[in-house]
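**Student:** Single-letter residue listing:
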Amino acid sequence: MEADAAVSSAGGSRLEALYSRHSRSAIRLAFLMTGDEHQAQDIAQEAFAKIAGRFADLRDPDALPGYLRTTVLNLSRGHLRRLRTQREYLKRTPSREPVVPDDDPGRRDAMWRALQRLPYRQRAALVLRYYEDLSERQAADVLGCSVSAMKSLVTRGLEALRAEMEGDAR
Amino acid sequence: MNDLESALGAMLEDRAGRIEPRPGHRDATLRGARRRRLLSVAAAAFVPLVVAAGAFASIRSSENKPAPRPAAQEDGAPVAYSFASRRGDYPHVATGTFRNVDWQLRVAGVNPGHDSAVRITLELQGPVRRVTTTSQRVFLGEELFVRYEDGSLLFDGRVAVVFGAVDPEAEIVDVWTKGIESGERTFRAELFEGYDAKAGVHADYFLAFVPAHRTGLVIAKDGDGNEVGAHPIPTR
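Heads up: the sequence lines are chains A and R, in that order.
Mapping of the first sequence onto the numbering used here: residues 1 to 170, in sequence order.
Mapping of the second sequence onto the numbering used here: residues 1 to 236, in sequence order.
So here's chain A without its partners, still in its complex pose:
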């Protein structure tokens, strides 16, 4: 019983330390993937809960940040899938509200909108490379693909981003 309590307490303090060190980056990563701040907060919360359940199975504590990053990406993908389903439903349902165009002229805003329109894996590749600053090898590991596939995702993502922004500018 005392041993259990000790393990639990150790796990708890480890969790607090993990939260202190990585919560902000987890929320921000989820935000960049979903474009929704509230959803990002929830995703980070859920990711920490899932990670907590794996404590007992982890041999290498240094692997926790990696697990957290992967979990955030997976949860973001789940959120985007649900969103896609909702959008498809709304497309079939005629809207009575007028569509208000987003007329923000800023280049960063245009790029942000373009990023949100990219396919999930391309967006994840760009965020991992240019925000998380991971190497091609590290980013490939997170997405579970080869380095050449990662290069291809980044190249296609940048091309699509450029095309989207040019389309926005016209």
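Hints may be right or wrong, so weigh each one.
[Unchecked claim] Chain A is faced by these chain R residues, among others (derived, beta-carbon under 8 Å):
no.: 1; residue: L4
no.: 2; residue: M11
no.: 3; residue: D14
no.: 4; residue: E20
no.: 5; residue: P21
no.: 6; residue: R22
no.: 7; residue: H25
no.: 8; residue: R26
no.: 9; residue: G32
no.: 10; residue: E193
no.: 11; residue: G194
If you're looking for bench data, these hints aren't it; they were derived computationally from the structure.
Ideal placement from N, C-alpha and C gives every residue a C-beta, glycine not left out.
Position chain R relative to chain A; hints supplied.
**Tutor:** Okay, now just chain R, sitting in the frame of chain A:
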């Protein structure tokens, strides 16, 4: 790095830099994470089983509605633990038969007039034995209450029954089990909804037949598959 890549990096930094954890995020996150961890530890521990005994007799609702349907399908591949059920009128929740054993689930208000809690009773009647298991009080507001009936004397020690009450927000109740040799398996419990008005307790009821002698968790989910409650399969 070209202009587009530099601009992309700057834009991502700018957007992400505006996001901070909302007030209360830390406490809510750590609370949820600790709870998940406790469940994980409980699920990993061995759950000793207690053998039940009894005589026999059966109570069947004469007002059962003829709505049998299969349940407890195992990861989409039904068979071994499927069963048919008939809904009953309060206080009878449902009855059915599983491997020549009749079962009945019923509820009873504990505080008539106040309607603050119920007891849930499972009766199993085999060819020569009957087993009756009654829960402790299930109070209004509990998100998940789980009971376990070993059923060894009725099913050759191979089958157990997991049943209980769940918050009506849940639309799915899964029973996840882990055996030393057989590995992990998940069974979908049959969910009996719509009894809360008559029972005076805001709850639905569930039941599943699962392999005996396993550690496990009962997991309640909403319609989107989000977990709304989880509970280790309890010892008696």
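**Student:** Which hint numbers doesn't this structure obey?
**Tutor:** 10 and 11
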